Structures are given as C-alpha cells and as structure tokens.
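J.: Sequence:
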Amino acid sequence: MRRRLNLVHPSGGLFKKGRPRVSRMQVKISGFGGQGIVLAGIVIARAAGLHDKKHVTQTQSYGPEARGGACASEIVISDERVDYPLVEEADVLACMSQEALSRYVSTLKKEGTLLIDPDLVHEIPQVPRIRIYKIPATRIATNELGRKIVANMVMLGSLVGITRLSTTKAVREAVRESVPRGTEDLNLKALQKGIDLARELADEIV
1 MRRRLNLVHP SGGLFKKGRP RVSRMQVKIS GFGGQGIVLA GIVIARAAGL
51 HDKKHVTQTQ SYGPEARGGA CASEIVISDE RVDYPLVEEA DVLACMSQEA
101 LSRYVSTLKK EGTLLIDPDL VHEIPQVPRI RIYKIPATRI ATNELGRKIV
151 ANMVMLGSLV GITRLSTTKA VREAVRESVP RGTEDLNLKA LQKGIDLARE
201 LADEIV
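For what it's worth, the UniProt record's numbering labels the leading residue of the sequence shown as 1, then goes sequentially.
Hints in this document: simulated from the structure, not taken from any laboratory.
One or more hints might be untrue.
With a cut-off of at most 30 Å between alpha-carbon atoms, the simulated DSBU-like pairs for lysine-lysine come out as follows [unchecked claim]:
#, residue 1, residue 2
1, Lys-148, Lys-189
2, Lys-134, Lys-189
3, Lys-110, Lys-134
4, Lys-134, Lys-148
5, Lys-134, Lys-169
6, Lys-169, Lys-148
7, Lys-109, Lys-134
8, Lys-109, Lys-169
9, Lys-169, Lys-189
Quantities reported herein were computed from a predicted structural model and do not represent experimental measurements.
Could you build all of it, start to finish, from the sequences and the hints given here?
T.: As structure tokens, then:
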C-alpha cells in the first residue's frame with residue numbers, strides 16, 4: 001500500500017545561498033511499523049518543501065502487517081518539478097531493521113550513503129563503493145533520553161547532519177509541526193542527538 005504527499009513551493013524551489021547544494025536527492029528511510037519511519041519521511045518532506053522551498057514528493061509503503069511489518073518512506077527533493085515520485089536509485093538509504101536492509105539495499109546507487117542502526121542490523125552485505133554510517137539510534141533514544149520511540153528522530157538528525165539534504169533550522173521547524181503536541185521537546189532533543197553524532201562521524205567510512 002502506498003500513499004503520496006506532494007510539496008511544491010510556489011517560488012519554484014530554486015536553491016539559494018545558505019541552502020543545501022544538492023540539486024536532486026532521492027532518500028529512502030526504512031524499518032518496521034511502529035518505529036515512526038513514515039513520520040521521519042514527512043518531517044524531511046516538510047523541511048525541504050515548505051521551509052527550504054524545494055520541490056518534494058514523499059511516498060510511503062507498508063507490509064501486510066499493521067505493526068511490526070516492513071515499512072518505508074521515500075522522499076525525492078529537487079530544485080525542479082518532480083515528474084516521478086518514487087525513489088528509483090537512492091542517494092541515501094537509512095535502515096532500522098535487518099529486513100529493511102535486505103529488502104532495499106539493492107536500490108542504493110553506487111557511491112550512495114547507507115545509515116544503519118547497528119543494534120538492529122547485524123549483517124551488512126558486501127556492497128562496493130558506498131559510505132556506511134553506524135547510527136545507534138535505538139540505543140541513544142533508550143539510554144540517553146529514556147524513550148525508545150524517538151529513535152526515528154535520532155536517525156533523522158544523523159541523516160540530515162551527514163547529507164545536508166535540508167537545513168537543521170528547517171528540520172527543527174518541521175519536527176515541531178509534525179509530532180504530537182506535547183512531545184516537541186523530546187523529539188527535538190532526539191533530533192539534536194543525531195545531529196551531534198553526525199558531526200562526530202562526518203568523515204568516517206566503515
């Protein structure tokens with residue numbers, strides 16, 4: 001099952017000084033139902049489309065299980081109109097389960113970027129010419145924030161920090177707009193944890 005969100009800013013979405021430099025980026029965030037995978041994708045789409053003023057599409061797909069099954073969110077960000085909303089070759093793939101990695105790693109392009117949660121992904125296939133970042137999002141959310149549920153925001157923060165696909169200011173605003181009322185501070189703290197980790201890992205290729 002797929003759903004689609006289109007966010008196109010009326011200014012035309014041209015990249016300007018101070019905004020991310022990538023003219024087109026395809027991103028896939030994956031895991032299992034209940035991890036907030038779709039929410040993470042919506043946050044990126046809102047940040048890039050409404051705040052960074054780019055053309056964006058966001059789609060999401062689910063496995064047959066309502067909770068615990070495979071789940072993915074696909075985001076295409078461009079400075080031009082997005083004619084095809086699905087990710088064909090991901091520039092960035094974030095995986096928060098072993099099943100997600102096994103299912104989607106073939107969609108990652110050469111020289112792409114792979115983010116994994118090492119506590120949930122234990123077997124990494126041999127894929128040449130990609131950058132791999134180990135983001136212990138679940139561990140950080142559980143041990144440092146006391147809430148496993150915000151692991152998605154930790155992963156999102158690291159993804160944004162490593163790729164610069166959107167500005168951190170835009171992502172913070174999108175988080176405030178997207179998460180349930182009363183959870184903004186917790187989610188923003190989780191986001192910042194991920195951003196801080198990205199700074200430490202910026203030049204690391206494993």
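J.: Are the hints correct? Go through all of them and say.
T.: Evaluated hints:
1. With a C-alpha separation of about 13 Å, the suggested pairing of Lys-148 with Lys-189 holds against the 30 Å cut-off.
2. Our distance criterion of 30 Å between C-alpha atoms is met by Lys-134 and Lys-189, whose separation comes to about 20 Å.
3. With a CA separation close to 18 Å, the supplied pair Lys-110 and Lys-134 stays within the 30 Å bound.
4. Of the supplied pair hints, the one linking Lys-134 and Lys-148 holds, its CA atoms being roughly 17 Å apart against a limit of 30 Å.
5. The suggested pairing of Lys-134 with Lys-169 holds, with an alpha-carbon distance near 24 Å, which does not exceed 30 Å.
6. With a CA separation close to 24 Å, the supplied pair Lys-169 and Lys-148 stays within the 30 Å bound.
7. For a cut-off of 30 Å, the pair hint linking Lys-109 to Lys-134 stands: about 18 Å separates their Cα positions.
8. The straight-line distance between the Cα atoms of Lys-109 and Lys-169 is roughly 28 Å, inside the 30 Å bound, and the hint therefore holds.
9. Proposed proximity of Lys-169 and Lys-189 is supported: the alpha carbons are some 14 Å apart, at most 30 Å.
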